[in-house]
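Take the two lone chains and join them into the complex the hints point to.
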Amino acid sequence: MKLDCKHIWRELSNYLEGDISEEVRRDVEAHVAQCRHCAALLDSTHNVLVLVADERRMEVPIGFNARLRERLEREMAASRPD
Amino acid sequence: MPAVAEAAAALKREKENRLIDGVLAGKHEDFHELIAPYRRSVYLTAYGILQVEADAEEAAQEAFLKAFRALRGFRHESQFSTWLFRIAVNEARMKLRKRREVPLETLFPDEDGEGSDYTPTMLRDWREIPSEALLREETRRLVQESIAALPEIYREVLTLRDMNGKNIAETSEILGISIGNTKVRLLRARLMLRDIFVERTQRKPTPQPPKGVSP
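Those protein sequence lines, which keep their order, are chains A and B.
The numbering of the first sequence is the working numbering, which starts it at 1 and goes up by one.
The numbering of the second sequence is the working numbering, which starts it at 1 and goes up by one.
Some hints could be false.
Stretch-level coverage of chain A by chain B, calculated; a stretch enters the list once three of its residues show a Cβ under 8 angstroms from a Cβ in chain B [said to hold, decoys possible]:
1) 6 to 20
2) 31 to 40
Quick list of the computed label-pair ranges, beta carbon to beta carbon [as the list claims (entries may be wrong)]:
3) A:29 with B:17: 38 to 48 angstroms
4) B:17 with A:36: 45 to 55 angstroms
5) A:40 with B:14: 47 to 57 angstroms
6) A:37 with B:101: 26 to 36 angstroms
Hints are computed from structural coordinates only; laboratory data are not their basis.
Every residue gets a Cβ at the ideal spot worked out from N, C-alpha and C, and that includes glycine.
So here's chain B without its partners, still in its complex pose (with noise of 0.2 angstroms):
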C-alpha cells in the first residue's frame, strides 16, 4: 500500500477506535458516524446475497443492531468494517433460510408461466427514469437476474469482491474461509455467473414488460 494510502487508513482507524470508545462510553450517538461510511455497502452487501429490496434493508438494519449490541466484544482483531460485513453476511444466510421455509412456490413460481406475480429484481424500478435506455435497463435486469440466479455461497463472494470491491484478503476474512478457496469460488462464481448471462441473453432478446408491479 502506499504511503499516503496507509497514513489514510491508520487516521480512519484511529477515528473508528475514538467513535467505539465514545459508544461504549455511553455516547451512543457516535454509532451513528461510525457506521455511517458503511451504510449503503452493508445494504449492497445483503441485497447482493438476498436480491430483495425489502429483506435486505431488514437484514442491514439488523445487521448494525446487531453490531450496537454487540459492539464491546469487538476485539480490534480485525478492521471494524470486517467485523461488521461478517455481522451482515450472517443476517442475509440467515434470512435467506427463513425465507426457504416458506414454500418455495410463494416467492418463485413457475418462472416464465402467468402465475408469477413476484418478481424482486422488478420492484425497485419504478425509481428508474423511464426515458433512461431501455437497453440498458434490460441489461441490468438480467444481469440481476444471473446473480440471483447464482447457488448462494457463489453469489456471497461475488457479492463482496465484484460488486462492492471488497479485496481477496477482507472477502475471505470476512467469509472466514481461505485465501485459496477464495479465489476457487470466486473463479467458479465468476464463470458460472457469466454462462448464466449468456444464457439468457440468447433466450430473452426482446424487453419484457415488469411483472408484479401492478395493484
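Chain A with its partners taken away, still in its complex shape (with noise of 0.2 angstroms):
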C-alpha cells in the first residue's frame, strides 16, 4: 500500500520505536526514499530526540543525595516508637 504524508507523520513515533509491522515499516521507508520532506522530517526528529536522550546524563545537583538521606532519616527518627 502506498502511504501519503499525513500516514508518515502519524506512524513517525512508532517507526522511532521501532514499534511498526514490517510491512508498515516497509511503506514508510519506501515513502521517504520518494519524499524529502518527509525523511528530513524523520531525520531531524530523530535528532532531537537523541537530544533528549542525552539529558539523562545530567547530574543531579551536588549534594543531592546527602540532603535527601538527611530529609530522610529526620523522618525515620520522627516515625520510630521509641
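The following block contains the structure:
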C-alpha cells in the first residue's frame, strides 16, 4: 500500500520506536525514499530525540543525595516508636 | 525479554521485596538502599516536568518521603519503581500547580525583554566546564528550552519515555493512561518538540550570554 505524507506523520513515532509491522515499516521507508519533506521530518525528529536522551546524563545537583538522606533520616527518627 | 534479563529482573524484584519487608519491620535504613537505584532518575523526572533545579530537588525529596510513609500501602500490583515514579510525577505536578498560583510574570517575565532576570534552564550552567564546546552548550540550551515550552502532558510523557528511557507500558502505567493514549501523546510530544526546536534554532542563530546569574 502506498502511504501519503499524513500517514507517515502518524506512524513516525511508532517507526522511531521500532513499534511497527514489517509491512508498514517498508511502506514508510519507500515513501521516505521518495519524499524529501518526510525524510527531513523523520531525520530531524530522530536527532532531536537523541538530544533529549542526552539529557539523561545530566547530573543531580551537588549534595543532592546527602540532603535527601538527611531529610529521610529526620523523617525516620520522627516515625520511630521509641 | 531474554532469559538472562528476566532472571536479573526477578533477582532485582526479590531484593527490593526483601528491602521493603526490612523497612516495614523497622529496619528503616534499608530504605536508603531500596531507593538508591532511583534517586537520579526520580530527580530527572521531576526536573523534566518542572525545568527548575531547586523545584525538582524538592519534588524528588517529597516523593521519597511520601514513598517512605506510604510504603505499607504498596501492594506489589506494579513494580516498586512504577509506584515510586507515579508518586514522583504527582509531586512534580503539584509543584507545577503551586507555581502557577504565583503570578506568572514573576516566574516567567517577558521572554526576551530586558526585565527577564529569571532563566531556570541556565541556573546550573556554572557547573559546566567553560571550555566545553559552546555549540554543544547552545544546543543543550535550545533542547531544554524546547522541552520547557511543551504543554505539561507532553513534557511528562517525553520525560518518562525519551529522557528516562521508560518503556511504553511503564510510561502508561506511571501516567495512569492507556497504552494507546500514551502512544498518541508521545507522537504529538515528539512532533511538537521538533517543531519548537527547529523554530528556535532558526530564530536564535547566535549564542546568548546567560541572563540572571549575576548577583
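Hint check results:
no.: 1; hint: 6 to 20; verdict: holds (count 8)
no.: 2; hint: 31 to 40; verdict: violated (count 0)
no.: 3; hint: A:29 with B:17: 38 to 48 angstroms; verdict: holds, 45 angstroms
no.: 4; hint: B:17 with A:36: 45 to 55 angstroms; verdict: holds, 54 angstroms
no.: 5; hint: A:40 with B:14: 47 to 57 angstroms; verdict: holds, 48 angstroms
no.: 6; hint: A:37 with B:101: 26 to 36 angstroms; verdict: violated, 43 angstroms
Violated hints, listed in ascending order, are 2, 6; each of the other numbered hints is respected by the structure.
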